[in-house]
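Q: These are the residues of each chain, in order.
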Amino acid sequence: MSPRYDAIIIGAGHNGLVAAATLARKGRKVLVLEARDHLGGMLGDAEFRVAPLPYALRPEIIKALQLDQKLLHGTRPLETLTFGADGQPLRITGGHVTGTDAITEHDYGALYARLGRQAKVLGAMILETPPGLGKASLGEATALARMALKLRLLGKTEMRDLLRIVLSNVWDLLNDEIGDGPLAGALAMDATLGGAMGPRSPGTVLTLLYRMASQSSHGHGLRVMPEGGPDALVKALADCVTAAGGGIRTGAPVEKILVDGDRAAGVRLASGEEIAAPLVLSNASPKVTLLTLLGVAHLDGEFVRRCRTSASKGMVARLDFDIVEPPKLRGGGALTSGQRLVVAPTMQAIETAFNAAKYGNLPNRPVLEATYDGAARRLSVSAQFAPHDLTGGWTDDAKARLSTSVLTVLDDALPGIAPTVHGTRVMSPVDIEVGYGAYGGHWHHGELRVDQLLMLRPFDGAAQYRMPVAGLYLCGAGAHPGGDISGAAGFNAARAALRDGGH
Amino acid sequence: MTYDAIIVGAGHNGLTAACFMARAGLKTLIVEKENHVGGAAVSLSLTPGWTYSNCSYVCSLLRPEIIRALELPRYGLQVIPYEGGAVFDSKGDYFAYMSDHDALRRELVRHSPRDADGYERYSRAVMRQCKFIKPLLLRTAPDPASLKPRDISELLYILKRFHGLGAREMAETVRFWTMSIAEYLDQYFETPMIKAYIAGSGIIGTGLGPYSPGTAYVLLHHYMGEVDGAIGAWGFARGGMGSITQAMARSFEASGGEIRMGSGLDRFIIRDGKVRGVALDNGDELHAETVVSGMDVRRTFVDHTDEKDLPQDFVKGVKRYRFRGSSGKLNIALDGMPTFTGAPKDASFLRGDLHFLDDMEEIERAYDDWKDGRWSASPYVDFLIPTQIDPTMAPPGKHYATIFVQYAPYELANGQWDDANREAFAETVISKIARHSPDFRKLIVHKEIRTPKDIEDQVGLTEGNIFQGELTFDQLLFNRPVPGYAQYRSPIKGLYMCGSSTHPGGGVMGAPGANAAREVLSDLGHKIDMGFSA
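Sequence lines, in order, name chains A and B. Terminal number for the first sequence in our numbering: 503, no gaps in between. Terminal number for the second sequence in our numbering: 1534, no gaps in between.
This is chain A alone, in the form it adopts within the complex (with noise of 0.2 angstroms):
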């Protein structure tokens, strides 16, 4: 079989596709194949969604890729409402937060300013190719100096601080800070969501500032909705691909990674047709790309058993409930397709939900993250902490106890919700797992923590997207920077195989 195409991407996620459209923008001839019948990965279709909401694609790759700047600047920062124990919603834009007293008020605001500085500095690091362990090349060890320079500009009251906190947990942090409550609990959402971490776990400080740090280079973190949704990113994405020359075929499933030698040579697609290609890119997580697309054969043992202890415990469910009139919130109004509702009253609350997950049951009050969209009159929540390997397995019966108590929970926040509710899907992180390649239905296909961060991430071997057979690379979650909806693993990935001989 001669090569017709350049590069082939598997998966047709966001990243697959950043990855794909970088390297079609550079004259390669790419192939994306997607096995759903849609393109955007967890981002999902008009049917479903993993990760309806927050999309911060990096700018440096809307301007690389020349995206429609509107995709960016055409849209505010999503307001957070979240509630306490009683009383009027708290609404949270970023730094700056309403409905509570004014202490608090300018306790957070400087608090969130701090960490937005601080996560800067991790910012450094997030459109870089993470240096190698004990080899840098002159490039890599240019970015670790670049971050070193910014640790130090934070000045020495900061640096220090951050020094303290970074491998710390968020519970002492907020508790120091703002003390317990809603506010506290809306943070803390951000530091735990789609992770397996309790906000007493340490590491919790870096996972929040990891996600300000990713979603934008100011360090905001702040979500922003794309006009027209979600789908208007995967389209644009796709488009960029087609417009360069590149090819996207879905319903297409990969089945197996093809190896010439100790070079990857294409792929295999279930159908049993071969595509060849001297580059490959997996948009798959790392363990389903490694051990089920490559197949250990072509791995050394060491590398492989890295490989299967590395962390990726999904931990989130998605529910979607369809309603017939927009939520009402507790307080007055509705809940509106521009805000974002978070129901953690407390820490506590999420400590307590991840107690029990820790031993594979469900809480009995999970945590949710949720969005209402207008137009399809659906509520989408995201559901923590639901193991993955729950106990029991996840049986239809343990859906509906799920979202029976998905639902209670919302009441506390939207009021009289559940007889409102008159269709219901859930998805599981096994469903997850099935449906989009994401080995343990992780959304960031493994754990964001510090031992697979950076030169670790996914796991020490495999870090700086470069996998052990030549021409094979990761480009999705699993490989740094991570999760979320920012591009930069796509991005990096397709430069790294630029850089590595530009097939």
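Watch out, some of these pointers could steer you wrong.
[Claimed, not checked] Far from chain A by the CB rule (all over 10 angstroms, computed), these chain B residues:
{"#": "1", "residue": "M1001"}
{"#": "2", "residue": "G1025"}
{"#": "3", "residue": "E1071"}
{"#": "4", "residue": "L1156"}
{"#": "5", "residue": "I1231"}
{"#": "6", "residue": "R1250"}
{"#": "7", "residue": "A1420"}
[As the list claims (entries may be wrong)] PhoX-like mimics (lysine-lysine), calculated; alpha carbons at most 25 angstroms apart, straight line:
{"#": "8", "chain 1": "B", "residue 1": "K1493", "chain 2": "A", "residue 2": "K156"}
{"#": "9", "chain 1": "B", "residue 1": "K1527", "chain 2": "B", "residue 2": "K1027"}
{"#": "10", "chain 1": "A", "residue 1": "K156", "chain 2": "B", "residue 2": "K1160"}
Hints are computed from structural coordinates only; laboratory data are not their basis. All C-beta atoms, glycine included, are put in the ideal place defined by N, C-alpha and C.
We have chain A; now place chain B onto it with these hints.
A: Frame of chain A, contents of chain B only:
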């Protein structure tokens, strides 16, 4: 009275600092509130015939450099290694740890041949990490925010050593310093009991569960000691832990030092931002230009220093510093040697640390109880009977059991640590042990119950934290106790810290005391000869 230096508190770190300072020729005084030296390293007789190591109970971390430099064996210290340990599960099986390599391998293979191989890889990894950390223990941590040549060169020293590990070991170091002990052990082992046995070291003394990131480091903290050059080994100080501090006190007095017991500190005397001495609670005022506090950082600066003498950011840092006591203790006089279901009588592993656990989840659930302000319904216990090896601590044929218990909160969510609750707490522990040792309960002659509250009240460790503060990364190295003040100096000129609240932290190690003494002597312009090279 005027001295060159006054040390507050005759705990092992205060004594260590004092010894080095007296040896350097300073006229040195230790003030101690109790009528005995030792702090949390004591041997006390609470019932006739028995001696309890009623706080710290085993020895490993005490730096050999300090033992040698202070000539502690000459002053009576003898550390006897114990060989073994075991975990008993609820199904009647056990996993026995043995220091004999072949015996241990046979026992590992009995449970899982794969774990026997895993253990080889695991112990090599731990050993390499211990070797990496050990030289850092007796060095002052650099301040990464400082541009002083000394800090920069120290930082470079650490980075160079880190880099020298090579790519694979660097990754291993990151894992060890940040991962949870549960996930760390999952990389090497499959047998729940074996993992549970090892995981205990990851949580002892800390307010974290085995699933919490950061606990792999706590394990390392318990492994970096040695007995007679055997790295990671633990032993008993003959005559109880007090024999360590008594040897130190003799060494100190032989160097001309003076110890005043029976009255504690009322306050530091501070004028013009400089320390001038101490005022004791009996009204005495003693003068010195150098004062070193062996108390924890909160006692030193919140309880005994006027806030207005301190910069605001420092006060904030001290108040934020986390103690969170999580452990209690039972000391029990036994009428004879208890037997254990399933274990051969006189088995060598019974001379070590015994645990009663099925898996790591049991420890994590015990932690969840503590988070909610209850003592663990099924606690983790570290149970030892030192009198099998050291018969000096009980009458002939009788035994002494030390039982470290985790978790126990400093404050109960429902109620106080009154006698009823203390008894109920002890009963929880005793009944757990009795399930595996049917004759244990009826052998009890006397028991002492120590909750975190008791440990605070009686020993002076804030919130009963045995390490004088949590061993989480935000309180290690240059962060311990407060960023910017991690080099034993305080904002007040002449006032130093030498307790376990400072780098490298708790355990009967002596390193904070030795490091503090080095900084003091360096500030006083003394030629420094610690008797070892740092």
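Q: Each of the hints needs a verdict: does it hold here or not?
A: How the hints compare with the structure:
1. M1001: At about 39 angstroms from chain A, B:M1001 clears the 10 angstroms cut-off, so the statement holds.
2. G1025: Check passes; 36 angstroms lies beyond 10 angstroms.
3. E1071: The assertion about B:E1071 holds, with a minimum of 39 angstroms to chain A.
4. L1156: About 13 angstroms separates B:L1156 from the closest Cβ of chain A, which puts it past 10 angstroms; holds.
5. I1231: 24 angstroms, holds
6. R1250: 40 angstroms, holds
7. A1420: The claim stands: B:A1420 keeps its Cβ more than 10 angstroms from every Cβ of chain A (closest is about 28 angstroms).
8. B:K1493 to A:K156: Satisfied, since the Cα-Cα distance of roughly 21 angstroms is no more than 25 angstroms.
9. B:K1527 to B:K1027: Roughly 16 angstroms separates the two Cα atoms, so the pair holds.
10. A:K156 to B:K1160: Holds: A:K156 and B:K1160 sit about 23 angstroms apart, inside 25 angstroms.
Comparing the model with each numbered hint stated earlier shows that all of them hold.
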